[in-house]
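The listed protein sequences correspond, in order, to chains A and B.
Take the first sequence: its position 170, counting from 1, is numbered 170 in my numbering, and each next residue is one higher.
One gets my numbering by counting positions in the second sequence from 1 and adding 1000 to each.
Treat the hints with caution; some may be incorrect.
Some chain A residues close to chain B (C-beta under 7 Å, calculated; not the full set) [what the hints assert, rightly or not]: (1) E202; (2) A203; (3) D206; (4) Y208; (5) G209; (6) R213; (7) H217.
Derived by calculation from the structure, the hints in this document are not laboratory data.
We treat Cβ as the ideally placed atom computed from N, Cα and C, and that holds for glycine.
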Amino acid sequence: MARPIVIDGDLTTRPRLFIRGLMLIGWGLLWMAVFLYAPLVGLGALSAATRGEYGGVEWTLTTANLWRLAGYDELGFSYNNLLILWRSVWLAAVTTGICLALAFPMAFWIANHRPRVRHLLLALVMVPSCVNLVIRTYAWQQLLGGQMPPAWLASQLGLIPPGGALYPSGFAVYLGMVSCMLPFTVLPLYTSIERLDWNLVEAARDLYGGRLRVFRHAIVSQCMPGLIAATILTFIPSLGMFVVPDLLGGAKFMLVGNLIQLQFGSMSDWPFGAAAGVFLIVASLLALVGLRAVSERTEGR
Amino acid sequence: MATPLDLRIVDLSKSFGKVSVLKGLSLEVPDGQFITLLGPSGCGKTTLLRLVAGFDMPDSGSITLGSTDLLALPAQRRPVNTVFQSYALFPHLRVLDNVAFGLRSRRVPAADVARRCRETMDILRIADLAQRYPHELSGGQRQRVALARALVNEPEVLLLDEPLSALDAKLRKEVEVELKRIQRRYDITFILVTHDQDEAIAVSDRILIMHGGSIIQDGTPEQVYERPVNQFVAEFMGVGNRFPVTSDGSDTVQGPFGPLRLEAPPPWRQGTLAVRLEDIEVRDQQPAVNGFQAVIEERLFRGDYWELRARVGQAPPLVIMVNPDQIYHEGQTVWIELPPSNIIPLAD
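Extracted from the complex, chain B is given alone in its bound form:
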């Protein structure tokens, strides 16, 4: 590859009838990055993918790859391939012919087709399925065939539309690892669309959280996980505890449990704080800062952790995650600590 082929999306808008699905979305993806568009259904993530693939035209805006204007090319001429949610394998073609489809469309010589198909199928470990028909494959195998069928063309950008949603939880974990490995190996840009935050965190270099046709947060998985910007992201990323507080401009705010110290003054007078389940500590003695006395109301054994519901005074209960060897009983009074560095002020 001579020059890096960065994908640049500028001010992209798309409406279907009266429904505006994308509202002036801009995005730059450096060559070789694994990004994930994460959001609930209807947030515009699949539409964005379809615009890049060429299955729909935007109302306005531009999509360029390096110096190529993608919008000037029809889908069959874009150096972009798609892994469909339903896999969309050709049911009347054997696995090998499915994988070879793109190369044969471009009239690649038969010997090269055979070699490249063999290589790709080896990497995806489907070589022994070559003569099967799609309906003779399991979900996981179909998924690999769909990946192979796209990757064999050596696209500049690979688009994945919820490719793991049809797999069961165990298989999904395996494929996540595999996806990451394949992306490193091919060193091309991957754009994954999903509504599953665990999947997004596991595989991506960068996560874009979408809501209502715009990007709300753009960051590494760590940033998005540790520092959700607003209530929507916090809820979507599973930050379990959120509570309203008031601020007087100092680094101490008034919350439902009493005064609470933060690392820095929040940017508002009235707002919401978020704390992850695993970021609240349970202590036997009163901690130095942000310690509160709480009663354990409920406990739930989740296998690798205990989930506790602890109430401070009359405030709504906090959900806390503790190690399986930390045994607390319902009705027990304990000290809980909210370390200032773990408290996330949300923007709204």
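This is chain A alone, in the form it adopts within the complex:
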């Protein structure tokens, strides 16, 4: 008989505790192993395979796919793939930046209402996400089209030629991206702002702080957990997004998402698609590690 121990007031033994723990998290681990880790390993292996002559996969291990992604193939160096990767990171970064700039005042505005109104406003922020992304994106196409008021207004302001449309364009892509990601930026920020200790704001004012100093030391410092969660939830999905840029950009800008879709689709080059997928995962992980470092440095606890 194993030695009895008490955990959280419960009299048990180590073996029984182990079995209970396994029953609780074992199923989740199994699920993750089968549906997440195994495919990830498969993806990694696939990225090292070779494309067959007729589009199949041949298990001749090679690093050629990674080199191709970096721009080196039989024809020599081309920066096209690197440009695609860089453009994806840039689009995600700019989208995150715009979302944060919009979400901060929005979250403050929501947090300043009475609790009941707050919940209503939060629901309004979330409601658009209930509509399928593709449908929302097509709706933007219609709204930004040549005969619609936004395009007319833009042409009156001289931003586009008379009779022109706002779509397809870079502007439309960012508009679509921001409108898609904004709820995921607002919510985490809001939870931080709602719990803000206003004494710190008063202390910063009391200590002769100007607006920027008050914002940085009394507000941003307290919102860091929300800010980091918001950045993660916005940046990482943006990185792999391809529906919105494709539909609103007129398929003119290739992104890593499109690149992957293409390889698994019409190009029938799974190993190269897998290599691009591995890049996306590694980039996401690097972003997480970087944000974690920032949070550890700034939070202090």
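With chain A fixed as given, assemble chain B onto it according to the hints.
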């Protein structure tokens, strides 16, 4: 300092919604005085402090410091600093950066910042904590950092919002001594807000007792302690014995124990008298004036004194404090004396 910077508050009123928190309060604080706003929660003392600091605007009235109109300045431009009840230290900044915050806000040259921070931290004995984060400090240490962070700016007025309430009793006693020492050293006006009368008595030059948005009594700690003006103050200052009496205009009143001599006739026909626990004497023989025969009903040893409950006839019992070497037993009959000079007529 060229001219004394007296703080003058005139007819200050403030309401939050329908609740009137300050009702036309006026107050003058001479430069360098240590005053305490003492009162129960909700009496308006913290509101008054926030108005002086600039965290709220009054509905009417004025606040001036010397010839400066404080209400015309935002909080970040007032020569006033605050020690917050929760300390409100910046959690992401080390102690040194917390202390330097105000000086850096005002773009004081780095060398001066370093020197002044070092001096202040030495005075408050937190120099060895400079590189710690607030969450690595004890309550008492945080309190010192909060004080240093305010004092390093050399404000004209320092506001302290219940700064000792988060400390345990022993530490509080130490910090009281320290606060007084620091105030003398810096020679600036301190305004302390508290609901603890012992703390107020220990540190202040002057105590203002607040109730319902007004100042009820304004005096030195001795005056407030010895001569509470009304029932509220008497109760708040812990004057243990209060009893109703009637007066016929002479210096002798009729109380629950019989006739009682006062130093002077009370200003009313019917009112309340108060006597502190330690002001009632227990005697073996009948005293010359105001002597009553009483039965000891209860006794409680409090360490540095005995607390007795003595009943005269059918009147409610009096609470008496006697020295530990004066031993009386429950059920014992003794003489008690209420010396006329120790009897306080209350205004209501």
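Unsatisfied constraints (hint numbers, rising):
Hint check: nothing fails, all pass.
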